[in-house]
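Student: Top to bottom, those sequences are chains A and B. So the first sequence is numbered by the numbering used here: it starts at -7 and just counts up by one. So the second sequence is numbered by the numbering used here: it starts at -7 and just counts up by one.
A couple of the hints might just be wrong.
To be verified - A partial selection of chain A residues facing chain B, derived with a Cβ cut-off under 8 Å:
#1 Val41
#2 Asp44
#3 Ala71
#4 Leu86
Keep in mind the hints are simulated off the structure, nothing from the lab. Quick reminder that beta carbons are idealized off the backbone N, C-alpha and C, glycines included.
Number of protein chains: 2
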Amino acid sequence: MKEGLAQFNSVFSIDCVIFGFDGGELKILLIERAEEPFKDWWALPGNLVSEDQSLDQSASSILTSLTGLRDIYMEQYYAFGDPGRHPQGRVVTLAYYALIRLGGEKELHPVTSYAKRAVWWSVNDLPKLAFDHKKIFDKGLEKIKRRIKHQPIAFELLPEKFTLTQLQHVYELILGKKLDKRNFRKKMLSFSVLRELNEKQKGVSYRAATLYKFDRRKYAKLFGKEISF
Amino acid sequence: MKEGLAQFNSVFSIDCVIFGFDGGELKILLIERAEEPFKDWWALPGNLVSEDQSLDQSASSILTSLTGLRDIYMEQYYAFGDPGRHPQGRVVTLAYYALIRLGGEKELHPVTSYAKRAVWWSVNDLPKLAFDHKKIFDKGLEKIKRRIKHQPIAFELLPEKFTLTQLQHVYELILGKKLDKRNFRKKMLSFSVLRELNEKQKGVSYRAATLYKFDRRKYAKLFGKEISF
DNA sequence: TTACTTAGTGTAAAAAATACACACTATATT
DNA sequence: AATATAGTGTGTATTTTTTACACTAAGTAA
């Protein structure tokens, strides 16, 4: 990318806002750049798109190379292409967001050559970001705020089995406001996309809550009808 | 574009789904291709993105070159980049939709070299489209269906002054279903984004309806609060 | 056994969405 | 002048959805 920007008609990349939730805060995964431009700055993980990969594949492989995870929920949401957004020439970038469940204490593998390391940062306490990545992040957060109201994406941030209180926390974090417990449960259960398990939370020092699973099959049946979480 | 695809890292274009409304049907503007590939096929108007233009500017200039219109409502909505979507190599395209008011009997100027002519087609009766343009169109229609429910984009398809019935028609066309007249009016007026004019429709052979204007100022004040049309 | 912490539950009031029909008015036709 | 025609403009009752609100039950820790 560095050597020959000028010869390309256009340079096209993908950047990812990878959201993670560990039960406490909403986080995103940033890499520390090993190369100019913006050496030593924090940036969204990204890459140029190779000839033979689809856009979605390309985004997935960025994610896999950093986290080792596969089959992650990702969605493209906006293309950024102001001339001047990249100091070395015209680079159009397509932004994706991804949602993953943290807490598995996964090792991060920044195997990409341009990154020194990858670290989870709380979205409420981000460092200064390279390029226009702050703008890209802001738009991404805005998009998932909108999305979570109509699509069941909160589940992607939680483990397979979760409690209703955990689910509510995710909504509260993303929407940025408190919700009423009773009303939240009533509404959530009314969609019939949750399956109650015969199982309780473990390892808590208080009354254990019932675990639930998101039922993709039931959800698929609903699809088409617009849902408002 | 034809000569040297292979030498580019990636080729990046913009395609536009230009929606128009003439009081009757919802239409889109298609061009008949003058060149291979897909010579003589109908296609969405599009172009490669030049080095120094922003993406939005680039989309605007496609629209201006065809219609002569400026300051049109446009919005990017999705990037299509499957390897294989273009027979001559990897071309990533960013899709925009635009909404314009027809009826001014504007001449169409297909000044782009690759188009023989440009013609408005009813969305219910489209010809076979080149490349993956059918897919691009489908997604565009889906997007404005979603959008019209939450953002005041219907106005973009109507003249400055319009009747409530005309406005209702636009909603019915895009949403693909009949709406109740009294409920529609009640709801629409409740948003207080319309200004009633001291003016009546002209040239109709029946009772003339009151004309309204969309009040962008009032709308701007509402913004932030989510609206549901 | 007691203190502590979170789980889990129902109801009433307010707001929003829906279903529904007829008289009025401007024009065109005879 | 009378009449036909076509769309305008309006209100209410019912149902559904949303909101506001507080206490008891269950399990753990000391």
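Student: Confirm or reject each hint.
Tutor: Cross-check of the supplied hints:
Interface restraint check for Val41/A: the shortest CB-CB distance to chain B comes to about 6 Å, inside 8 Å, so the restraint holds. Checking Asp44/A against chain B: minimum C-beta separation of about 5 Å stays under 8 Å; hint holds. Interface restraint check: Ala71/A against chain B, minimum CB-CB distance 5 Å, threshold 8 Å, status holds. Given hint, Leu86/A at the interface with chain B, holds; its Cβ is 5 Å from that chain's nearest Cβ, closer than 8 Å.
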